[in-house]
Amino acid sequence: MNDMTRTGLETETATAKISARGVQVHYGQNHALKNVSVEILDRAVTAFIGPSGCGKSTFLRCLNRMNDTVASARVSGQILLEGEDIYDPRVDPVQLRARVGMVFQKPNPFPKSIYDNVAYGPKIHGLTRNKAELDAIVEASLRKAALWGEVKDRLDAPGTGLSGGQQQRLCIARAIATGPEVLLMDEPCSALDPIATAQVEELIDELRASFSVVIVTHSMQQAARVSQKTAFFHLGHLVEYGDTGDIFTNPKDPRTEAYITGRIG
Amino acid sequence: MNDMTRTGLETETATAKISARGVQVHYGQNHALKNVSVEILDRAVTAFIGPSGCGKSTFLRCLNRMNDTVASARVSGQILLEGEDIYDPRVDPVQLRARVGMVFQKPNPFPKSIYDNVAYGPKIHGLTRNKAELDAIVEASLRKAALWGEVKDRLDAPGTGLSGGQQQRLCIARAIATGPEVLLMDEPCSALDPIATAQVEELIDELRASFSVVIVTHSMQQAARVSQKTAFFHLGHLVEYGDTGDIFTNPKDPRTEAYITGRIG
Amino acid sequence: MSVLMILAAIAVLAIAAYFLARQRALASTNGNPRLLHSLPLYYGWYGTIAVLLPSLAALALWLIVQPMVIEARISQNLPASLIADASKRELTMADVRRVAGGLDTAVAMGTMSEDEARQVRTESTNVRDKLAAVGVALGSEVSKEVLSAAQDYRELASWGAAGRTALVIVLAVLGLFWGVTRAKADFRARNRVEQVVLGLLIAASSIAILTTVGILWSMISETFDFFSKYPIQDFFFSLTWSPNFRGGSDLGILPLIWGTLYITVVSMLVSVPIGLFAAIYLAEYASKPVRAWVKPLIEVIAGIPTVVFGIFALVTVGPALRDWFAAPLGLGDSGSSVMTAGIVIGILNIPFISSLSDDIINAVPQSLRDGSLGLGATRSETVKQVILPAALPGIVGAILMAASRAIGETMIVVMGAGAAAKLSLNPFEAMTTMTVKIVGQLTGDTDFAAPETLVAFALGMTLFVITLGLNIFALWIVRKYREQYE
Amino acid sequence: MTDLSAAPGFTARPKSSILTASAEMKRRNAAEARFKAYGMIAVAIALATLAIMLFTILRDGVSAFHQARLTFPMELSAEVLDPKGNRNREEMSKVTTVGYQKVLSKALLAELDRQGIAQEGVSDKEIGELISKDAAGELRARVLADPALLGTTITANVLATGRIDGFLKGRVTLETAERDSNISPDQLRLAEKLRDAGLLRSSWNWDFFTNADASDQRPEAAGLGVALLGSAYMMLLVLVMCVPVGVAASIYLEEFAPKNRWTDAIEVNISNLAAVPSIVFGILGLAIFINFAGLPQSSSLVGALVISLMTLPTIIIATRASIRAVPPSIRDAALGVGASKMQTVFHHVLPLAMPGILTGTILGLASALGETAPLLLIGMVAFVDNYPSAPPEGFLDPATALPVQVYSWASRADPAFIERSNGAIIVLLVFLVIMNVGAILLRRRFERRW
Amino acid sequence: MSDNELHIMSAFDRDLEALQAHFLKLSGLAERALTDAAKALEALDSPAAERVIADDAALDELEEFIQMEAASLIARRAPTASDLRRVLAVMRGAHSLERVGDYAKNVAKRTRVLPQSAPVDGHAGTIRRMSALVTRMLDEATRALVQKDAQLAEAVRKRDLDIDQMYNTLFRSLFTYMMESPANIGPAMHLHFIAKNIERAGDHATTIAEQALYLATGRMPTDPRPKAGIETEG
Amino acid sequence: MSDNELHIMSAFDRDLEALQAHFLKLSGLAERALTDAAKALEALDSPAAERVIADDAALDELEEFIQMEAASLIARRAPTASDLRRVLAVMRGAHSLERVGDYAKNVAKRTRVLPQSAPVDGHAGTIRRMSALVTRMLDEATRALVQKDAQLAEAVRKRDLDIDQMYNTLFRSLFTYMMESPANIGPAMHLHFIAKNIERAGDHATTIAEQALYLATGRMPTDPRPKAGIETEG
Ligand SMILES: Nc1ncnc2c1ncn2[C@@H]1O[C@H](COP(=O)(O)OP(=O)(O)OP(=O)(O)O)[C@@H](O)[C@H]1O
Ligand SMILES: Nc1ncnc2c1ncn2[C@@H]1O[C@H](COP(=O)(O)OP(=O)(O)OP(=O)(O)O)[C@@H](O)[C@H]1O
Ligand SMILES: [Mg+2]
Ligand SMILES: [Mg+2]
Ligand SMILES: O=P([O-])([O-])[O-]
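Protein chains in written order, with the numbering used here: chain A, 7 to 271; chain B, 7 to 271; chain C, 12 to 497; chain D, 470 to 919; chain E, 1141 to 1374; chain F, 1141 to 1374.
Take these hints with a grain of salt, some might be off.
Claimed, not checked - Restricting the straight-line Cα-Cα distance to at most 20 Å, the calculated cross-link-like pairs of lysine to aspartate or glutamate (EDC-like) are:
id : chain 1 : residue 1 : chain 2 : residue 2
1  : D       : K575      : D       : E544
2  : D       : K505      : C       : E295
3  : D       : K638      : D       : E607
4  : C       : K395      : B       : D122
5  : A       : K112      : B       : D122
6  : E       : K1179     : E       : E1190
7  : A       : K40       : A       : D91
8  : E       : K1288     : A       : D259
These are calculated hints, taken from the structure and not from any lab test.
Computed from a predicted structure; not experimentally measured.
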């Protein structure tokens, strides 16, 4: 059976994009994340699941140092992005975030035109020398986000006028535009209805051809649908990490089993 | 096969609690609900599913005239609660709402003690003559809402201090306390995490022993899990209404099939 | 070079620095902005800041220090008689400055040559007339000492100006070099620029603290001065207030506090019920169009200056109360009264209470309303049992703030309540408050050192402490409340 | 767990038809109606007071925009006004206003004669008193400015005295004149005839906007010029000092300040400063800017400094509120694509908060415009009849401000000043309305940008 | 394993239990059918055989009901991990039981047409013992599945070898019997197929045991089933 | 039916298609095994029979892979309605195909031990024809399932009767052959079982056709399968 290609899982080259080693996070006295070590694969979708408050978002936000903006958060341990420690004092978190993009729970387009939303990142990072280059980046990003067809005739319309699902795809396009290598998504579909959710999930599935995607989700079904790797967090611990198919048919840890079958009371 | 008791579905006496006939709702020019006729069974959970904006909430809010508070809404058609038209001019919506209770999307306990939250309805409706009776109602309601065990030692604690799932069960207890016959719930779990959701679903399943429950949900899985009857709305139409098991294994209408299998694009 | 010229020079250098630094940064990567750490404009801004920051700081410092140094030098040379005590010395220095300024003007207008100005002597010329001709009026004849001191002053000032120009320009040029040389690809220009901007922001936010410090500082020393001249227990416990500008005044604060509180209570009796009910009506009952019109209309009241309310009290309310209530009831015949001021302050506070309460009521989430209505409660039951209890802390906060406004209100009381300090229960009698007396004592033509004047500072201090207490309490309540829904 | 049987309470509510209202329900509905009525009454009271206030102000103030003037031909006799006859200004200026006064009353008398209007027991002196004391000065200035007028006959258009003006406006009646030492009923009757003859008429009063304040003797000449200019200077200064500092402080506190004791102190401080009685700021201004820093009393600069410190908290609070109203998700979004904190604030937060900032600023300025009490303490209530010069020096010149002018007129004895005081209020309110409308328009405009 | 804990949503547990209860009932029906058929054969009791044949309809119906119920449970509860394996195991187990029922019915049908003269005595006993063994295997396999008892399942699986050996013995005996006289060939053929049927029923019991192993471990057993010659295959 | 439209999430479609592709491949393997076994029998070609036996491992493995994949698909995509029926139908169909493979293997094993002298010529042809028919049925049933073609499935289901009749004919012919000489009994028994195996394979084709009907209509066919006597049952 091992010689056959499993349909759901086609991670050919399983190289690690991000390696976290013994990551601990404290919020003041609250030990929110306890010794988490995990490898985030390149060109694959990794899902973080777990009960509320188990530290999924916390860990996700460690990966692009968005936790820096929380005064009380202290991060220890090592997180390597392609072998370089992102918590090295020499690292400018602003530059890091251009490489590790983020998409949030609620679609949050800037109240600007669709074009400007996507162009913002490239502009502040000085990625382009002229308007033509910028146009090209915007178009490419929107295409990648499967939104170009829907908005190409109204790039000047405000991004906030789109529907929820389109807004979320716009946010993804915006994140893509800075040319990141990793895309972090914190419950990107929880504010969307089932149809928009399916569209975004479809997009995420396509994105893994070019990015390493990490997605936090409360919906185990969603994790099962979109991810190739799943990590289960519980009370700040990383309990189990493995192939999504295995986790959902045959988890190793009884806590994982209890959670995904709806038994933690 | 028909002579066997189907495990999921034990609706012994299928009497209609509410009959809606040709209900139409306009919001100004917007024809939000088109000729909906449906029977809500007593002692069963009926789920309303459908894409965003299809009119689920609108129809639900017709059932206890919460739409009266929306200035632009016009309702036509007939809705009978045990044979009496609830849109009859003689009907006082305030009285109606005591019989048709409602639970909302986000848990909204009053910023009072747990006890006062539950006692509020009985008090304003003058259901009790003395404190002992009130205590009895509060306890009975909390028991029914499967919350008594968790809060019986802190009835004076503020209701807002409970966890999300507990808050939602408190809201259900509050609604139960006025002794309604029908409980309407508009996406009661969409603000909850999976564990709290499961707890509330469990509660809903128990409630159908005594009430007629109507639940609007975006989650088809949820509808499948908790309901005995499912109604699928699409663009303001009631497309299909039937046993939940049938709808989810073998729907009649291609639109229902497309929606529940994730095909409406 | 004049200050204006220096500023212009710095500006030119700053602009130059912008472009040079930007250019250099770009050149360091052969024109490819992607290889720069920051966007090119940040390198430009860094250059600009490198020019501006040191030179402007030096300039400001120089401008502050130079007069001090010069005056110290000059006063050394002045005869002791002219600088006997602080006020005398101040007067003399003012004369010196004015004469020096006059000479400057004269030179500028061409009526005097530079040499003349330097050489001119009181013996040979009537300096006062000369200066009057160019529009500089001097109170008295110019004494010899003053003139020579003025000439010294000019001399030093011109040296100072030269030194200032040199220093500032040198600093600016150095800054330019610094800024431009550092503009290289891996220089973190954005971070540096942002640090400077952050510094400016912090400086701006410190002004609030400085203001409070200023308030306390301005009152504390005078208040101590007052208490050194007037016994503190008399101030706080004496029942009479009768200042006498010839001395021997009774300066008991109790009548003033009584008047203040009486007026405040009356005003709250007017504003709280009306404001609260108006807020409830607008927030819960009024239809959209009604609300859209009525709310701003009520807020118009809040926008009307208090002096207008003062006039209203003086011209309309006072006489009306007197003629319709006080006189017929035999309670007095004063147009100015506690009632007048209280009612008018009450009116003034209506929009304050109604607006704040309206905001607070609106901040109660709609879901609570839905929850209550969904249980079969009527609107008034919802308001009374759910919304008001939820909003109560906020409303109490609003009421406390309104009370502190009423206590601190000045113009209406000045114009509507009269100026007689009395301890009376009759609301139709004129009484007065602390604020009125502060104005009264400080605008009278008395010696600034007399207790009758200084008492105003003690009053101000007391008022400040009372309202501070009230406000902090109100703030605490409002904040606590706010956290409930956040 | 859900033992229904153990629920005695659930039988309490009798099952009834929804079509009939219970007695209980009727009682509750009545309570509902009462409650609603209270609210409407409260709103009605609030609006009624507003209406009464505006009504009285308009009633008492509109008349200030009209002023009675006497118009009659007058020969400028060269002998009297230029006794040396050499048209030398310096010589001519030796003739005081009293001389002109005489010329004026003589001309009026002559006109009366010419028109055949009987004096009816009003003495010549009393007729002269009909002309405002201001007229002579005005005429003198006019002649000195243009000596060629001497010897010609010009049409004099001079202010009538305040009582006559009041008489035309109905404020002064024959009865009040009985008790008035400044005017007699006879004079009023004569004025009536003058009016009928067309010599005396009421006309639009531009001088009200341009004149400086005037002494108690001639309320008819008092105007708002200096106050308007003073207020304008102050507003300009407040705008320049307050807005940048306020916005900068708000940005720091909302976006950058770490949450610690110090920023907490700043925060409490600011909320508190917003509620400190204005009179305390007056004391501050007096003690610090005048007594300590030695800035000139009554100057618009000191006024502006005091008002700025008062307004700063208001602007900070409004600005912070609108910065806070910008959803955090926008900040996350910007940080998420790699914008720095500073870029996030200046590219996204500030533009989004702009409408709120603008509105808050304008409203803060509007309330600053109406502030009176602290200005009294720093001497801006002083009588100023010279215009401040042009900025920047003008900022140091003595000036007064609109609301202070209102107050100072209101506290004068002559009822003519009350009218002017109300007139000034109308001007002040018009300014406030303009600012508020401006705020609304600006806000709209900004909001449409997206 | 934690799936012995209860689900938060008890209706899920009830559904699962109901499904398993039906499954146990089905197993009971299959076992009785097999026992009854063996008894009818031994006694050459046609009416009893008729009853076995008639009863098969109920068994088929119950099996289809279980399949529908399981499908509905998958649709409604989206089970994962051990829950999913349990449902799938029950589905496959039910299919096996239905096949067992079919075999019992075939035994009964053949019993019906066996001549009274048939040489049942010698072989029928063996067949009854075989069927008793299979019945026990079925019972244990079903229990192993419901109770997720890997050990029991493994034991059942091992026991298949015994059935195979009994079958082989019987096969040879019947073969000899056929050789004796051409007249014996007809009845012996029937007995032959009957034995084969019961052997197949034993295979199905093994299949159920394997499902129990799958359920308990998440994998199908990888070592090949113990087999005793071609006769017992296919 | 709308399930010919694509899912919003195309990975779901891909998964479903992959599953069906494997299913078709499995069907191909089973058909080839059956054909090859029949051919080996006709030619009494032991090495060919060996190959069939060896190939069965791949078939078993593919079947288990399909079962795992389908379970994983259920766990990961929580299919409902027609999607769920499709997955379940494939699971059941795969099981049937695996059984067909087992029968082919058994045929091959019996071929291996048939003496060269066996009276294959007469019967082997019939068996080959039977197996050709079954192969076609399998092919068509699989296609009916994948293409959700109720008509085709119904046709396959009807055709089962032909197989049964051929089997009955063969049965009688072999019976006669056995009577002729006791020496024939051994080989005839093997042929007998071989025929029975192929008949069972036909039954499985019918089962697959029934799954196709279930998929297309949501119900299992309620009319009883056409049957031709006890021999073809069980
Ligand atoms: N800014 C913060 N300050 C203090 N504690 C925090 C903060 N953010 C999170 N925590 C705490 O850290 C723990 C982990 O939080 P986190 O947000 O990572 O959970 P999560 O798994 O994302 O939960 P959810 O599913 O509800 O989003 C929780 O106990 C939470 O209370
Ligand atoms: N208060 C309102 N005023 C005007 N239109 C409304 C109002 N409420 C709902 N609608 C419109 O009525 C239609 C049905 O809305 P409804 O809220 O019932 O949808 P829904 O099915 O509940 O959607 P969702 O799943 O997003 O809650 C929509 O087109 C919506 O825009
Ligand atoms: Mg989270
Ligand atoms: Mg809805
Ligand atoms: O159903 P089978 O005969 O293949 O076990």
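Verification of the supplied hints:
Straight-line distance between C-alpha atoms of K575/D and E544/D comes to about 10 Å, which keeps the hinted pair within the 20 Å bound. Under the criterion of a C-alpha separation no larger than 20 Å, the hint pairing K505/D with E295/C is consistent with the structure, at around 9 Å. Of the supplied pair hints, the one linking K638/D and E607/D is violated, its CA atoms being roughly 24 Å apart against a limit of 20 Å. Between K395/C and D122/B, the direct Cα distance comes to roughly 14 Å. Compliance with the 20 Å bound is thereby established for this hinted pair.
Between the alpha carbons of K112/A and D122/B the distance comes to roughly 34 Å, so the proposed pair goes past 20 Å and is violated. Restraint check: the Cα-Cα separation between K1179/E and E1190/E comes to about 12 Å, which is no more than 20 Å; the hinted pair holds. Using a Cα cut-off of 20 Å, the hinted pair K40/A and D91/A holds, with the two alpha carbons roughly 19 Å apart. Annotation: proposed proximity of K1288/E to D259/A holds, straight-line Cα distance about 17 Å (limit 20 Å).
The structure shown violates the earlier hints numbered 3 and 5.
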